Structure formats: C-alpha cells, structure tokens
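Trainee: Single-letter residue listing:
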Amino acid sequence: MPLDLSQPLPTIDVKAAVSPEEWEARVELAALYRLAARHGMTDLGGTHFSMRAPGPEHHFLINPYGLLFEEVTASNLVKIDVDGNIVLDNGFAVNPAGFTIHSAIHMAREDLVCVAHTHTVAGMGVSCLKVGLLPMTQHSLRFHNRLSYHDWEGVATNLDERERLVQDLGTNNNMILRNHGLLCCGRSVPEAWRNLFALEKSCASQLQAMAISKATGRPIVLPSEAVRQGTSDKLEERHGKATVSRDWPGQIAKLDREEPDYKT
Amino acid sequence: MALDAASLPSIEAQVSPEEWQTRIELAAFYRLIPKHGMDDLVGTHISARVPGHPDQFLINPYGVLFDEITASSLIKVNMEGDVLSDGPWPVNAAGFTIHSAVLSGRPDVMCTAHTHTIAGMAVSSVEGGLTPLTQKHMRFYKNLASHPYEGIADDADECARLQRDLAGHDAMLLENHGLLTCGPTIRAAWALLYNLEKCCQTQLAVEATGAELVVPSEELCDRTRGMFQRMLAKPGAGDRLDAWESSLRLLAREDDSFMH
Numbered sequence: 001m002p003l004d005l006s007q008p009l010p011t012i013d014v015k016a017a018v019s020p021e022e023w024e025a026r027v028e029l030a031a032l033y034r035l036a037a038r039h040g041m042t043d044l045g046g047t048h049f050s051m052r053a054p055g056p057e058h059h060f061l062i063n064p065y066g067l068l069f070e071e072v073t074a075s076n077l078v079k080i081d082v083d084g085n086i087v088l089d090n091g092f093a094v095n096p097a098g099f100t101i102h103s104a105i106h107m108a109r110e111d112l113v114c115v116a117h118t119h120t121v122a123g124m125g126v127s128c129l130k131v132g133l134l135p136m137t138q139h140s141l142r143f144h145n146r147l148s149y150h151d152w153e154g155v156a157t158n159l160d161e162r163e164r165l166v167q168d169l170g171t172n173n174n175m176i177l178r179n180h181g182l183l184c185c186g187r188s189v190p191e192a193w194r195n196l197f198a199l200e201k202s203c204a205s206q207l208q209a210m211a212i213s214k215a216t217g218r219p220i221v222l223p224s225e226a227v228r229q230g231t232s233d234k235l236e237e238r239h240g241k242a243t244v245s246r247d248w249p250g251q252i253a254k255l256d257r258e259e260p261d262y263k264t
Numbered sequence: 001m002a003l004d005a006a007s008l009p010s011i012e013a014q015v016s017p018e019e020w021q022t023r024i025e026l027a028a029f030y031r032l033i034p035k036h037g038m039d040d041l042v043g044t045h046i047s048a049r050v051p052g053h054p055d056q057f058l059i060n061p062y063g064v065l066f067d068e069i070t071a072s073s074l075i076k077v078n079m080e081g082d083v084l085s086d087g088p089w090p091v092n093a094a095g096f097t098i099h100s101a102v103l104s105g106r107p108d109v110m111c112t113a114h115t116h117t118i119a120g121m122a123v124s125s126v127e128g129g130l131t132p133l134t135q136k137h138m139r140f141y142k143n144l145a146s147h148p149y150e151g152i153a154d155d156a157d158e159c160a161r162l163q164r165d166l167a168g169h170d171a172m173l174l175e176n177h178g179l180l181t182c183g184p185t186i187r188a189a190w191a192l193l194y195n196l197e198k199c200c201q202t203q204l205a206v207e208a209t210g211a212e213l214v215v216p217s218e219e220l221c222d223r224t225r226g227m228f229q230r231m232l233a234k235p236g237a238g239d240r241l242d243a244w245e246s247s248l249r250l251l252a253r254e255d256d257s258f259m260h
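Top line first, the protein sequences correspond to chains A and B. 230 is the number that our numbering gives to position 230 of the first sequence; each next residue is one higher, with no gaps. 107 is the number that our numbering gives to position 107 of the second sequence; each next residue is one higher, with no gaps.
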C-alpha cells in the first residue's frame, strides 16, 4: 500500500463544534499525552488515556488510533460514548478494544474524570511481582493501602471483566493490572498524571532496589507502619484538597514553549 | 572529512516507485533504532526485499551510523552476494549471511531486523530465553525461535542452520548475540522488534529481583497467543497499533534526510 505521510487533520473545526469547557478538557488531555511521551510511557499505538467530556451526556475523549502520543492534539482527540461509538466525527478512528478497561471505570466511578493506562517496563515489571508495590519510598507511600490489584484474564475484550475490574478498583484511584501494566485515575487530568508519574517512579525504584538487595543480600529497609500510614494520610490530605497540583502549571508552560501544537 | 550519506545524489528517478517507497521505509526503520536506544554504532542490520525482485534485497551501507542512513544510500544485493548498486560503502558480511538466509528461506518475509541491545543480548544469553511474564510477552509464547551462537556469522554454512532454526517463526533469539524479527511488511518487523525489546527489558527488571512472580497459567498464555495470532493474521490489522506513519512523520519533522 502506498505510504501516506501527510499529517492527518481534523475534518471539522473541533474548537467551533464543542463547548468552551470541552475545548479546555481537550487541551488538558492532549497535554497529558505529550507529558507521558516525554517521560517514555508510550507503547506505539497501544494503551490509552481517556477523559470524561464535560456535560451530562456520558461522552468520553480518547486518542486517535494510529497516532503516537507525540501527535495527539486537542482537535484530533475523538469523542465517543461508553460503548466506544464515535459521537463527534472529526475524521479519526478509535480502538474500541482498547477502551474496554476505561469504559468499565468510567461507568462505575462518576467521581473520576481521567483514566490512564500504561505498558511501561517498570509498570509491567512490578505487575508480575507477587509482593506487588512495596511501601518503600515517599513516592510509593502515596499508594500505601490505597492501591488495588486486578488479576490478568487475557486481553480485556470480555465485557464480564468490567465488573471484576470495577470491583477490584473499589474506592481506590489506582490499580496494578497484574501481568499487564498500570492503571491510574484522577478527579482531574493533573491528578491522574500525578498518580501515574508517582506510581511509575515507585515501580522503577522498587525494581532497582530489589535487584540490589537480591544481588548483595542486603535487605530493603522499609519505613515503620506508623510512618507509612502517616505519610500516606498526609499526602492524601494535601492532595485531597486540590485537584490541581503545584507541578502541573509548570509542565504546561514547558509544553507551551516547546510543543505548543498540542493545543491546536 | 567523513563521507556523508545524505550528500549522495538521490536515486529516486532510477528505481521503481515501489522500490523507492521500500527504501524510504527501510531508511526510516534504521533511523528509529537509535531513537529507541537499540543501536550498536554501525553494527547490526535490517533488510527489505526489493519489490518485484524476490531475489534481491536492500541493506545498510556498512560504516554509516543508523541515524544517517538514507533511502538512496541503501545497498542492493542479490542472494548470491553480488552488489547491484553503486556506492562508496561495502555490505557487512555477517549481515549478508543472516539476511540472505532469512529472505531466501522465507518467501513470505519482506523485512528482517536484527539488534544487539543490552536487554536482547542479556535475555539471549540466559538459559530458557524469554519468560512469559505479561500480556505483551504472549505474542512470543511458544512462538519464539532460537539459534545457537556459532561465532561471527560470515560462514555461508550457517545459512541452512539459521533457516532451520527460524522455521515458521517471525521472531528469534540469536543466543549470546541478540534479537531477530521478520515480517510480511517493514512495519510489521518493526512492531515485532519494538515489542520483543520491551519484553526483554521487562524480563531483566523482573527477574533481577529474584522475587516470587505471578505466573499466568499455560492455558491463558496459549489462549492469548492464539488471539494475537488471529488478530494480526488479518492483513493490515496491526497498522494502527504500530503507528508507523506517525513514527515516520516525527522522524521527518526532525530530519527528513532519510527520505532522500
């Protein structure tokens, strides 16, 4: 088949076609894709981040299928319903199979705006460990007693699995998909990013620490249970108040300087 | 001054449009290798069959870094090792052995890629090879060939053994050496290589811990491999998952000389 390298452009003026609130949401979600790409959390066209579109319709925004995260823009994000059907045709396709996990969470958890799923080496790595995430660092204590696990059942196209995904997530916002990867959610896009970033770093540092410990026989030192819980509670309290974190505006400013096309 | 591949005159007018496209895609594949940290200076190779000439293939000019390879600088050879194009660079003899073995033994294969990454060399050196750890690994579950190391692959006798070991597979561990993937298209070989590399990296990270693992059942592994195989058997099925055009646009945005 002849190779077409022309930049695929939206077939409609998306900014004009959507509410100002939805446009703002699109810009935020596009920023999340770009940040994840910058931090190496990509898997070619696999894995997705989705967001509840503002409004009462139960519509969602997701990345255009076939584009790397580096090419995602506010306008090429695709608006779909909970079954993955496109509700605003902007000329781009979606991966309905990739939305199965996301739709399960979106349907069950109205409080969560954004669902992000990755297949990073560190995330996949910890997902294979029986012990799961250790309460080892300040980053990982954020998730102490607040992290769920879901056993791998094969490629998630089975709608029955939705119930088990939701049950396993419970009231937590973050989950390790065993033998598969990470799932991080947030009441806002910045919150989902903060969770994803912290969980990724937690996984990467844990794998390194465990390798050193195994090789040298020196044990991993974990904080006491009181410190674990105290830290976890403090972080929860601090972040629980604000769904916009201190780190988000600075990262957006950097994207605005270096790759402002995400906002188009 | 060192010779610069991008300064060679374009040969676009001298080859068929199909060959030109193959050259662009193959040059892009070379450029993606250092982008993803899979390069080994001027070592390793990727080849693509010349459209309409099943007995000819394109391979890298030996001595050019992968991030400088261009469509016009790729060398055309036949299965006997005769060089059919003009240019200042030779063909890597070991590359010729490996690629001519795969391409002559497998008419269904259009592209073959080989790397010497840290993760690939490590996994290829450990008994048992790739462990079925995650969903991503299932593409290779009971579906990964391996070939024992025989020294530098410049011995034509090794061709037959490479062909025998690859058999019907599209990915292979070259023991004590690295990774090899092949596919019916250039993009398919790329996606497979990307995924195999990530699987090896994950395995190293996981197994270095020495910790107890969650091991998927054989039944689940078999089922998932079957599902991936059925899914990817449909022509073009992987074409969005691999985001190939997107990768090429990003390359071109930074430096479009690979299309020269």
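The set of hints was computed from the structure by calculation and includes no laboratory data. These numbers were taken from a predicted model, which means no experiment stands behind them. A portion of the hints provided could be inaccurate.
[Said to hold, decoys possible] Derived contacts from chain B toward chain A, CB cut-off under 8 Å, selection only:
no.	residue
1	41
2	42
3	83
4	85
5	134
6	194
7	198
8	202
9	209
10	216
11	241
12	242
13	250
14	252
[Unchecked claim] Simulated DEER-style distance windows between Cβ atoms:
no.	chain 1	residue 1	chain 2	residue 2	range
15	B	212	A	1	23 to 31 Å
16	A	55	B	63	57 to 65 Å
17	A	130	B	127	18 to 26 Å
Beta carbons: idealized from backbone N, C-alpha and C, even for Gly.
Trainee: Each of the hints needs a verdict: does it hold here or not?
Mentor: Hints, one by one, checked against the model:
1. 41: violated (23 Å)
2. 42: This interface hint is violated because 26 Å lies over the 8 Å limit.
3. 83: violated (26 Å)
4. 85: violated (21 Å)
5. 134: At 5 Å from the nearest chain A Cβ, residue 134 of chain B passes the 8 Å test, so the hint holds.
6. 194: With Cβ-Cβ at 6 Å, under 8 Å, it holds.
7. 198: holds (6 Å)
8. 202: holds (5 Å)
9. 209: holds (4 Å)
10. 216: holds (5 Å)
11. 241: holds (5 Å)
12. 242: holds (6 Å)
13. 250: holds (6 Å)
14. 252: holds (7 Å)
15. B:212 <-> A:1: 23 to 31 Å: The hint (23 to 31 Å, Cβ to Cβ) is violated, given that residue 212 of chain B and residue 1 of chain A are roughly 47 Å apart.
16. A:55 <-> B:63: 57 to 65 Å: holds (59 Å)
17. A:130 <-> B:127: 18 to 26 Å: holds (23 Å)
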